[in-house]
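J.: Here the protein sequences line up with chains C and F, keeping their order. FYI, my numbering numbers position 256 of the first sequence as 256, with every residue one higher than the one before it. FYI, my numbering numbers position 226 of the second sequence as 1226, with every residue one higher than the one before it.
Treat the hints with care, since some could be wrong.
What the hints assert, rightly or not - The following label-pair restraints were derived from C-beta to C-beta distances:
no.	chain 1	residue 1	chain 2	residue 2	range
1	C	Glu95	F	Gln1114	58 to 66 Å
2	F	Glu1283	C	Gly110	37 to 45 Å
3	F	Ser1120	C	Arg113	38 to 46 Å
As the list claims (entries may be wrong) - Simulated coverage check for chain C against chain F, where a stretch passes if three residues somewhere in it have a Cβ under 8 Å from a Cβ of chain F:
no.	segment
4	19-30
5	277-287
Bear in mind the hints are in silico, worked out from the structure with no lab data behind them. Positions of the beta carbon are idealized from the N, C-alpha and C atoms, including for glycine.
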Amino acid sequence: MKALEEIEEKKIEEEEITQKINAINDLEKLDPYPHYLARDDYWERIERACQYIPSDYRYYALALFANVIYIPSIILDEAWRYGLRELNRLYGLNEENLLNEALLLEGDSGLIRRFCHSNNIKGRLDFDKQPRSSRIGDLAKDYLLSRCNISKELKDRLDKEVSKFLERRFWILLVDNALSGTSLSSELNRILKLSEITNPEAEIIVLVQIMTSDASKKVEDEIKNKTRVKIIRAIYLDEKFKINSENCQLFKSKDTLKGVQKLCEWFANEILSKDKNYDSTRNLSGGDLRYGFKNSGLTLVTPNCPSNSVPLLWYYRPPYYEGPYPRVESRITQTRSLDQEIVDYLYESTKRGSSDD
Amino acid sequence: MIKNVTFDAVPPQDVVSLLKKSNTLVVSSINYEQRTLKWISTLPGDSLEAKFKILVLRSMYNNIGLLEYIKNRNIEQAKKRLENLKVSYELVRITYPAGFDRDVMKQTIRSMYQEVGGDSELNIILEITGLPRAIIFCILHAIYELQQQRKLPLYLYIIYTTAQEYPHIEYPHEVGTLVTYFSNKCFHDFLRNGDNLNLLVIPGIYGFETCLLIEELKKIDLPKVNFHFLVPLYQHDMLASMKVLRMNPSVLRARAYNAKLHFSFSLQDAMKMVLDLTDWEVEEDAKCLIAPFNVKPLAVSAFYAYIRLLEKGMRNVDILRMSGLQYGSLYSLGAGEINYWKVNINESEDKNLSGK
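In isolation and in its complexed conformation, chain F is listed as follows (with noise of 0.2 Å):
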């Protein structure tokens, strides 16, 4: 049961200490954006006993050749690397988007865990950098059941490095519907007339999944709405942040929504306002949406304040997601600053004025 979930910030050497024992999973991926390269491009010489899976994603169909062929190049100078290193590592090739399947997800994942040790204490630390975020809602499911499974401790670490920029682009580059990631329906299934609602949005650079929220909103009879938004303002990118207030005028308009509004100052406050903004008690039969168009880190939290509100026993809850049709853009150009964060489930806040 989950009753506390906090992100704590950890300093590389903790991870790479975590790399030398064999009792360490790490589970990432590589793709075009130069930026999924560089934590696998800055690991020390040390003899690293981790067992590496690499996810390859490949669409069943629609592929983009020259985004192919860019993604090819980075796995093959992650490969170098790590064969440089003498890391045991595995390419893992995972169907994506078009042909993805949840379930053979789930099951990839529970079989590296059995590879690696199902039977004594184990660390995950999953590098979410290149992984879209179905993916890692999935892998993040696939953990906490076997969190819950396990008598020994599962330890989970996530790191994600940041862009150094995002594309100017003149329209979305991927089209597709809104709907519910857990329960995989469209929104206008899973929100009816005369719902009461509990929302919580957190936009995204480019602004158009948080646009046709609030015009399918619009379209629907919501009598009781308790509505936030919450503006990451990133101290690591003040530009892009700036933008995101600039490509949503809906959250500028919040009020017109009777929407609240939230900032945040730094990936690790986002991730835990997303926390604290979605600790509601509410009436079992109410609608929970958690909408993390933002950064992917805000989606592990998504995925906790999901569990949590599961597990005080409401039924009507899920995450929001963009179904994309295809790739059509790198997303993000350059590497910035590598982040390492420790989940901890249900461990004690009391700092007792200690400090750290």
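Only chain C is shown next, with the shape it has when bound in the complex (with noise of 0.2 Å):
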């Protein structure tokens, strides 16, 4: 523990850093963060990251370290049970009519089969229950495709294929992170403008494990006053959490979060500003991502600990710094899809269509 010999046992016992590091590390062993990302415990991989940042700034380094909201997947799992259990209780869905009462969209691929699987939700995979693709835009080309110059009896397949499911009352879309809460009110712009024009009077109902109080006005803005959209979420991360924020209350002291947000600043300028791949993430966030992206500020950790906790915790390039929570980016370019552009031609389309009638 050499990088950490020089710190004060009373600032230690202050934020209560043994305390919450040795749960934290207690959790891991539960349910490891997975091993080809980080293998070691997690003092050790503290100690690792502390040997980069200087002497001054290793305090704050280890109580933000001690301040990790750790939810791993025995806790996501449970998550999604617990979706299904407000289902249950809100709609009178179960694990025995789900796929054949409702629509299943995901935000992400592969949230569906971890839905069902920590549900015990047979037939996932029948065509007869769901559509072959869960992604809105995919379906919104399915229907634009059916609306096109084809032939009769493929149209009428195609149509018939797509129609059953956009017909369904309940339209359930399911979502593991809303952190910025970007991705989540552009989906459901997209999902309130297909059901717009498809099916009006489908009740949407948004499953989310993890949702932050910045997510929830994003979202809130997009759908307004609209009732038939219910949002159920399982964990809710409010200002308390961020530290960027005066509210925070992670820390016991206003000194050590002030601390910790100049380490962070130190952190974004001496090593991050340097690696050139993360130029067009901090294109899209805005700013020098000191505090994640979109300045949300967290200090989550998931399986793949997200890109909106501070890059203290997930960047790692040895030998400039390592992490302690590396993660695999899921997006380098930030290219977008076509989906958006799909679903508002639909939209715009039909509505021409009707008010041309």
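Put the two chains together into one complex, using the hints given.
T.: This is the structure in structure tokens:
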């Protein structure tokens, strides 16, 4: 623990650092961070990260690492079970009738599989129960295709196949993380538009495993007073969990919070700014990423640490820095899909058609 | 016979409409926690016909002057509020914790019931925020017995105000032993070598009860244990939920005790899960213990789980609690949101996809 030797005992006690890190360590033992990303014990990974940090900042790094909100798969799977319990309580949907009564959509691939496995829901790949694609963009493409100038037989079959799912009363979108709320509000925009032209009575339910107050505000702006949209979230992280908020309550002392913020600034300037691989992410996010993507300021760690968490946790590029929770980047180029254009086109052309009538 | 219990969240206005009826009995208690005042402070100025019984708890000895002063101040505020609203209320003195007599308590509830109208349909609103668990169990038991005897409906509503935060304490504010509530036995008298055990533990925020329970369990040779931990992760207070995990290292080492770990995500979800996880089908000689060390609504849920197991014919069922010796802390600071539930017994769960 050489890198940590100079830290005063009093400070360690003040922020309950050992107790907090031990708890994360125990939670990791119960359900480890993916071994292909991080092998050693949490204390060892902290020690390694601290070696790259100037001694003046090490206490703050320790305080930051002690306040990681570690949400492993064991909790995330239970969050999916909670989602189904709520669907049952509010709408009478259960593991027996869900696949036949609702259209399941996913914000990211693999979520429906995990949701069904966690809840022991059988038959998710049966084509008579759910569409072959569970992305709203793909459904919109199929719907568009069924309206194109193709052979009548194919058109009828495609129309029948797409319509039987779009006509369902419940449209359920599964989302793992809604942290800045950008992706979810775009997805909801597309869902609302497609629903408006195909099934305006559909009840849209969003099941979210982890949602922040930032995302909640953004989504509320998107759905405004649309009562047919219901958000069911399992874990909710409000301003208390944002290290760039004056309402942050992760740390006992305001001085510690200020020190952690300074450390994030140092890290962005001295380490992260030199990595050109993050230029496009910086452009998209705005700012220098010191508090993570879209300035989310989180210390959240899930099985692939989100980029909305502060980079001190996930940035990993030896010999410059080794964060304790390396992540696999899901997006590198930040290019956009055609989904929005297709849905917008469908929406506008249908609206135009109905006004022409 | 209890086959099915649900706790349905109801809007505050539903409870307010019950308060306008004379066949409604409200049982509440004010202590030194700020949150115990919140519900009464937010009552509307409509003509309220319900009868309010405010339990004032005082120990036979070891009362702490400063806390008593805060409690008296809060009670005065509550009285003022109720008088302004022209509500019919009565302060009912209960000796607690030292000198508490559960038979006297049950008799008190029965008298209140008779006074409000034992011959008609009745609503009981139990505001549990300021009530100790032992008293909650006692009142629920009295209500359950009344429900069994009555031909007319008796509807039960639960109100609970969450805390804004919990104080940081360096050591347990209660020093005591683990006892079973209903059979009133020490842990080691209830559970013996060679017993088969079904156990559900809902860890509390300070962790010491769970820690003690684990230590005690290690000393007993139990051939078959069906052990569950339920950790509530509350949306309204994720920081406190995280603290529960930190303060209960034994929960995080659940595998070491062959325990199954479960998580819930709201108060209502946790209340439901207590019932789901205790739906044990076991041989009648097996011991069944529920340890609701977390927030009070879970004690309500644990009570109905206990009754259901008893009605199934299991003889050795009980609820585990910590026998505290004295108060040493305010327990909570500030007042959060007020929750309202209707306790539905044996109502059909079938929503027929109709939504709510």
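J.: If you count the residues of the segment 19-30 of chain C with a beta-carbon closer than 8 Å to a beta-carbon of chain F, do you get 3 or more?
T.: It holds: at least three residues are needed, and the segment 19-30 of chain C offers 8 whose Cβ sits within less than 8 Å of chain F.
J.: Okay, Glu95 (chain C) versus Gln1114 (chain F) on CB: inside 58 to 66 Å?
T.: violated (47 Å)
J.: Cβ-Cβ distance between Ser1120 (chain F) and Arg113 (chain C): within 38 to 46 Å?
T.: violated (55 Å)
J.: Evaluate the given range 37 to 45 Å for the C-beta pair formed by Glu1283 (chain F) and Gly110 (chain C).
T.: holds (42 Å)
J.: Checking C-beta pairs, does the segment 277-287 of chain C have three or more residues closer than 8 Å to chain F?
T.: violated (count 0)
Checked against the numbered hints listed earlier, the structure breaks hints 1, 3 and 5; every other hint is satisfied.
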